[in-house]
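Novice: Turn these sequences into a full structure, and let the hints steer you where they fit.
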Amino acid sequence: MYAFNVASLIPALPEIFMAISGMVLLMVGVFRGDRSTRAVSWAVVAVFIVTAFLISRVSGPGVLTFDGMFIADGFAVFMKQLALAGSALALIMSIGFNEREGIARFEFPILFLYATLGMMLMISANDLLALYVGLELQSLCLYVVAAYRRDDLRSSEAGLKYFVLGALSSGMLLYGMSMVYGFAGTTRFDTLFEVLSSSEVGVPVGVLVGLVFIAAGLAFKVSAVPFHMWTPDVYEGAPTPVTAFFAAAPKVAATALLVRVMIGPFGAMFDQWQQIIVFVSLASMALGAFAAINQSNIKRLMAYSSIGHIGYALVGLAAGDKAGVGGLLVYMTIYVAMGIGTFACILCMRRKGRMVENISDLSGLARTNPALALAFAIFMFSMAGIPPLAGFFGKFFVFKAAIQAGLYTLAIIGVLTSVVAAFYYLRIVKVMYFDEPAEALERPVGTTLTVVIGATALFTLLLVVNPGPLLSGAAVAAVSLFGG
Amino acid sequence: MLQVACVFLPLLGAIIAGCFGRKIGDRASQIVCCLAMGTSAVLAIPTFIDVALHGNARTILLFEWFASGDFHAPWALKFDTLSSVMVLTVTVVATAIHVYSVGYMSHDKSIPRFMAYLNLFTFFMLTLVTADNFMQLFFGWEGVGLVSYLLIGFWFDRHSASAASMKAFLVNRVGDLGFALGIMGVFILFGSVEFDTVFPLVPGKVGESMEFMGFHGDALTLVCLLLFVGAMGKSAQIILHTWLPDAMEGPTPVSALIHAATMVTAGVYMVCLLSPMFEVAPVARDIVTVIAATIGLVQNDIKRVIAYSTCSQLGYMFFAVGVSAYPAAIFHLMTHAYFKALLFLGAGSVIHAMSDEQDMRKMGGIWRKIPFTYAMMWIGSLALAGIPFFAGFYSKDMIIESAWGAGTGVGQYAFVMGVVAAALTAFYSWRLIFMTFHGKPRADHHTMEHVHESPPVMLAPLAFLSLGAIFAGFIAYETFVGHHMAEFWRGSILILPQHPSMEHAHEAPLWLKLMTIVVAAGGILAAYYAYMVKTSLPARLATMFRPVYLFLYNKWYFDELYNFLFVRPAVRIGRLLWKGGDGVIIDGLGPNGLAAVTVGLARRAGRLQTGYVYHYAFAMLIGLVGLVTWYLFYGRL
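Just so you know, the protein sequences line up as chains R and B, in that order. Sequential numbering of the first sequence, starting at 168, is according to the working numbering. Sequential numbering of the second sequence, starting at 4, is according to the working numbering.
If you're looking for bench data, these hints aren't it; they were derived computationally from the structure. We put the beta carbon where it would ideally sit given N, CA and C, even for glycine. Among the clues, some could well be false.
As the list claims (entries may be wrong) - If we take Cβ atoms under 8 Å as the criterion, some of the chain R residues that face chain B in the derived model are:
hint	residue
1	L332
2	A383
3	P399
4	I526
5	V587
Specialist: What follows is the structure in structure tokens.
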């Protein structure tokens, strides 16, 4: 049985720090009221930064704690810091937005904090139960923030839909876990791996079915086809900074979880789950490419775009080796930067004090606000995967890994769908640069947004100059996952 | 070094004027191009003296161009008597035409482009004549074809000009295909494309046979004929001659330079250059001789008249080649370059004077107003008609006498045709002069008032060329085709002793010489009678022999025949491929089809998104069931 020992808590120190900070800030909020919202928000950002720092200090090569339910390895460090960065940037973007929209409540940053804490636990989960607990902590917070704008019909509808479908996916996940436990007799990842790889009669059907259920549950979280249906409605309905948050941090956490579960406990069943991932990846790429074409709402378009991007990232997982996972990590990093940047641009789309969300509202932006149009164009070109922008490298590494793993069909279809997808990205550029100007968007856009857009745009633009640190960091993280 | 500069200076000029013409301006482009050309011509003179007169033939190797397995082609400049004669002729005539263009094109919008093309053309022509192997020859060959196309269509905003340029290009393509096949044949037969390697091997290959498109024939004859097809295209010989009259759509200096003096003679040059091969392929030579027939004309465009005379003059050169009188062909090529350029430039001067009018029916009676041009046209025509002591007399006579001297059946045929052509040439040359300069003015009052002599920059080249047209034949006769011509050509041209047509020509009886003169004079008189004395005669003849007239007027219906046989079917096939192949199949299945499918898929994908939670949940469950089913049935295989 697990013996309590203070020293053994150290690997989980960042998460513990986050949890306690969250409670303290909650108290502050409760006693000071909504006046403290801005202070609490920045405090949460500070907590994210400190946590990121702590994470880099406490983790080692595969340190376990909580009786092996929690793991802090290189993979976890990479993904956690990425998720924290995404959360922090989304939160920063939301401050001004919430104040303008009159929905600035101190609970908002607190919810972000606990959602992020849930992600941390997901990423570090080394047990099916730990996985579930982390996932639910994250999801519950996300349901609330999706419906955060209670008086708005679309926002509450988004929250409710997300909740109902999320519950369904949780049910699938739990059912899958119970199947696996029933047939394999354990929920811990490392022992599961041993059991499944030492089995001489092959993998029991029950475990296989369980794996399918678990994969389906996780695919819901990463919004992969055919478990993606919630995405466009939720992305469109939720307040824009929340959408940005959805597109960045939870995606990172859920992908990390999917990768860890597939490579870790079910590593021996690679041949089986590879088929699921290939199918899901193909379907996501195709749907992301085709369904986005007819969209006129830019947030909805970004929802399909994110589905497509997950498809590309999963190409790396389908390769199932270090190069593939490394490519996936690079892809997610670049995706987070591009996604946050794009949503920051969308947040600038205000006219007469109201948000506008249609692509046509961007008409002639190049003439009314050239700097914003340029940044937007950079993100769109990058998402379309046009060199030398960052998005190209993301695609390049996953496709390279797929080719090396012999997944030619997947790589070729991936490239073809990215051509289709380029259409709607470039259409936005065309609308901004070649259409007759619509009424100018509101200015100024605010310092924080400017900084976020500038930083992400520079990252997207200049990654080509020095991609070394990102590539080596991703490679190290990928290697740690394979226990080497 | 001199020789290299001589060849590459025009290229330099073309690059400067072509790439930076807009920056440096019209005047600077003209200066650069004329300077490059002039320097090149000046350098050609010592080269000619050294190589041709002192016998220092040489080959300057520049670099290895192709090296692939057994296949080699260096880039080298070959200077022997033959090529140095050509270099001299080309550069001198080209210089005169460059200077003339400065005046003639002074009102054009794109002077730098024009000058750059002219320079580029000269460069290609020089690489052609200095080629040391078939590949380089082909390079120059295609190069001049390209520039010819660009220059014919120089005024590309005129529909007729762009149509003519396409016609020239396409007809030449037919010839070039033959040429390319010929080069391949040479490589297969000899294993090399270098002249110095190929020619010594020729005697050993006599009688070898070769398979071509199911034919089994004498290899050398076949190769020579294929190469000759190329020459036919470029030199506008009958069957492939139709592009040349249309090529007169280009600016007049272009007609003079490319379509009279130089490019069109490339075919003649090529056959002379390859004399070691043609000498041993008698059948090929016979075909050359027969094809080089003439074409009688009643054209009304002043430039087209001269263009058809070019066809017939090239015919002379070719049948000279056919009866092994290569030196005579080159001799005529040279004199022809001078007097034909003179005629064209003179015609250009007339057109200039008549405010860009080209139709002779709208000219007349202007000789007093432009006496200098008038005189120049007389000199050119006299030379063309072969009136004694003008350049054309010596060279043309030599050719006709050689044909007579060949003593063969085809030689006799060529001789007769040559004499008839001489009469026709004289007739239509003077028809041109009488219609243009004499009689009552047929132009409107306004134009007549503006008739003026051209500026000195245009007249000076005319005067210069007229010197060539008068004296070139007299000066060069002994050297080129005299009794001691072998010392001059020094093996750059091979004539087998079995083909003594030139020796016989030297012993031609007096009546032969007199006959050609009489025939020419007869032509002139007939023209005088028809167009000066009894001016109603042509019209009456035209109505009396209407079918004949129409047949001639429509150029033997060659264009109509080709239209029917080739152009229309080609257009129809093209339309089929375009509408059916490209439009329906490629675009339909490709870009447009894919786009339509994409849009359709997009609409359907969007329709899936109903907004109902139970639909979404249903999709998830279906997905799950599908995956599980997949595994239960196939996943465990």
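Novice: All hints are to be evaluated individually against the structure, with a verdict given for each.
Specialist: Now the hints, each set against the structure:
{"no.": "1", "hint": "L332", "result": "holds (6 Å)"}
{"no.": "2", "hint": "A383", "result": "holds (5 Å)"}
{"no.": "3", "hint": "P399", "result": "holds (6 Å)"}
{"no.": "4", "hint": "I526", "result": "violated (14 Å)"}
{"no.": "5", "hint": "V587", "result": "holds (6 Å)"}
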